[in-house]
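Start from chain A and add chain B according to the hints.
As a plain string of letters, each chain reads:
Protein chains: 2
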Amino acid sequence: MKYYIGVDLGGTNTKIGILDENGEILIKETIKTFSEKGMETTLNRIWGTIEKLMDQKEIGKENMCGIGIGIPGPVINEEIVAFFANFDWEVNINISELMGKISGIPTKLENDVNMIAVGESKFGAGKGSTSSITVALGTGVGGGIVVNSKLISGMNGAGGEIGHIKLVEDGKLCGCGQRGCFEAYASATGVIREAKSRLAVNKNNLLYKSLDGNLEKLEAKDVFDCAKAGDGFSMEIVNYVGNYLGMGIGNLLNVINPEVIILSGGVALAGEILLDVVKDKLKKYAMPVTLNKLEIKLGELGNDAGIKGGIVLFL
Amino acid sequence: MKYYIGVDLGGTNTKIGILDENGEILIKETIKTFSEKGMETTLNRIWGTIEKLMDQKEIGKENMCGIGIGIPGPVINEEIVAFFANFDWEVNINISELMGKISGIPTKLENDVNMIAVGESKFGAGKGSTSSITVALGTGVGGGIVVNSKLISGMNGAGGEIGHIKLVEDGKLCGCGQRGCFEAYASATGVIREAKSRLAVNKNNLLYKSLDGNLEKLEAKDVFDCAKAGDGFSMEIVNYVGNYLGMGIGNLLNVINPEVIILSGGVALAGEILLDVVKDKLKKYAMPVTLNKLEIKLGELGNDAGIKGGIVLFL
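Those sequence lines, one after another, are chains A and B.
Take the first sequence: its letter number 225 is residue 225 in the working numbering, and every next letter is one higher.
Take the second sequence: its letter number 139 is residue 139 in the working numbering, and every next letter is one higher.
Extracted from the complex, chain A is given alone in its bound form (with noise of 0.2 Å):
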């Protein structure tokens, strides 16, 4: 039997696990990153931890195949990073060879949004596909393509960089210091921001009650909430980000024609209320031949999305 390694890098926590080779998870673990104390130690932190589940399921080295790490960055040829989006550490490192090194396995990279993509295509939402686009809809908006049953990586590892296709000339500010980016808009974040600006000028609505008045705690689950228990003001926010998510999902489906279309995050946990919006809106922005036989669906994965991904990148 042959195994693989699978590990999703994080800002705060690393999710560490041993798969088998039908993408099986055997064993896993989470750690902290501790990225403060530089990479080389986080990477032998990260073999160690890799060591002991190989004890607890006496599974021995040689039958390790790969190792592969989803990085919060962009990756070059799945093995350099060009540079970590949180950590303080080198720019264009070949972590794969000091990896490789360590543990004396052969390790390939990903970015993290693009290993979720790849983990979701083969073993998740997408599977039997050989064409599918992963959304994820979180603090930011991240995507990974996966096209001809591989990743669309970019030249300099910034392929699938989604969230910063420009839905809007001169739109609302992004944090990536551009304009209207589809993150500015789909993103929690984006949707924070839109129920704050109008809570300034409305107050009368659900949404605010149940905030008691203190905007500060104002998540985007409480939008939705406040939607799916008939709030009109709240629902007036989910379809103007539906709207834009639409607009770029159709943006998406009109270069890329894929089979399936996954979402995944925190902001598709809302389900069918922001479902129904963008469905409906797809009609407007994607040409119709690309919603043919077209599949919507949610991630299935979850947070093992990641540690399945990185069998992928050895198959």
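These are computed hints drawn from the structure, not numbers from a lab.
For glycine and all other residues, C-beta sits at the position ideal for the given N, C-alpha and C.
Possibly wrong hints are sitting among the right ones.
Straight line, CA to CA, 25 Å or less: simulated DSS-like cross-link-like pairs of lysine-lysine [stated by the list, open to error]:
# : chain 1 : residue 1 : chain 2 : residue 2
1 : A       : K108      : B       : K293
2 : A       : K293      : B       : K108
3 : A       : K221      : A       : K209
4 : B       : K279      : A       : K172
5 : A       : K150      : B       : K28
Footprint (simulated), chain B over chain A, 3 or more residues, beta carbon under 8 Å [unchecked claim]:
#  : segment
6  : 2-11
7  : 94-106
8  : 113-123
9  : 165-178
10 : 257-266
Examples of chain B residues lying across from chain A (beta carbon under 10 Å, computed) [what the hints assert, rightly or not]:
#  : residue
11 : S129
12 : H164
13 : I296
Same frame as chain A, now just chain B:
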């Protein structure tokens, strides 16, 4: 020596060429398509021309390894035409099988703009790259995307239909029936519409004078020529079009992060005056990382691109 045939099936003319295995065109001919005579008649006439060209070059059928045909419409699995954009022919027809029967030679199909894209990618402006996007700026805006050295055809043959990504919510009406499409702004038709709309209220400019007031004969080229001659009115139109061209291409860069952008078609002939605006606007719309090492080039194969694409389907 192995030989291939490239066919670029057009609404009016059909271009046919015999290629050696290096993609060099040994002989070529253009015939009228006469699609109104029906599909089988047309395919038989194309095969008749191929036989004549083979005779002229004294190449036996046993050395012919494949026919690649560019189709004006969406192509599925390199064999089925979902529908013909301009012809009154059957829908969902397996032209690959039909042409294979007529000719006795394996036949593969692709959408015509996709064929131009693979031709440019392999033998033209994208030579040596593994990822490129060809943006065909003509009457409409078409596209073809090559990633990991393979074309993105799309589940329903609509991969690379970049002309219909939406740049403006509820924007200009497009020929497709939707609004705000890239094509409505950056095609030759888009240039002419914008120019005519402005000329309706401003006649004190070089463009109006050069037309002797006859707006019906206005072509996109006139706008570019007058801008080059220093006409501020025309230059404003170039800036307007270049802005949306930058926004459309920028969005593609953020999704695909390719090595090369190839501009082809009539509008691309405007050259530097348009290209300079686009490059400047890209700084506003594309993530900086996607511009690193990016090449933006004009197509190099002209009318031969579609024929040369024919062989790429077999490589």
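Structure-based check of all given hints:
1. About 23 Å separates the Cα atoms of K108/A and K293/B, which keeps this hinted pair within 25 Å; it holds.
2. Distance restraint check for K293/A and K108/B: the Cα-Cα separation of roughly 24 Å lies within the 25 Å cut-off, and the hinted pair is therefore satisfied.
3. Proximity of K221/A to K209/A is assessed by CA-CA distance (about 15 Å); at most 25 Å being required, the pair is judged to hold.
4. For the hint linking K279/B to K172/A, the alpha-carbon distance of about 22 Å falls within 25 Å, and the restraint holds.
5. A C-alpha spacing of about 36 Å is found between K150/A and K28/B, which places the hinted pair above 25 Å, so the restraint is violated.
6. Coverage of the segment 2-11 of chain A by chain B is violated in this model, with 0 residues showing a Cβ closer than 8 Å to a Cβ of that chain against a need of three.
7. With 0 residues having a Cβ less than 8 Å from any Cβ of chain B, the segment 94-106 of chain A misses the three-residue criterion, and the hint is violated.
8. Closer than 8 Å: that is the beta-carbon criterion, and the segment 113-123 of chain A has 0 residues meeting it against chain B, so the requirement of 3 is violated.
9. With 7 residues having a beta carbon nearer than 8 Å to a beta carbon of chain B, the segment 165-178 of chain A meets the requirement of three or more and the stated coverage holds.
10. Coverage of the segment 257-266 of chain A by chain B holds. Counting CB-CB distances below 8 Å, 3 residues qualify, and the rule asks for three or more.
11. The beta carbon of S129/B is positioned within 10 Å of a beta carbon in chain A (closest approach about 9 Å), and the interface hint is therefore held.
12. Annotation: interface hint on H164/B holds; nearest CB of chain A at approximately 5 Å, less than 10 Å.
13. At about 13 Å, the closest approach between the beta carbon of I296/B and any beta carbon in chain A exceeds 10 Å, and the interface hint on this residue is violated.
The structure shown violates the earlier hints numbered 5, 6, 7, 8 and 13.
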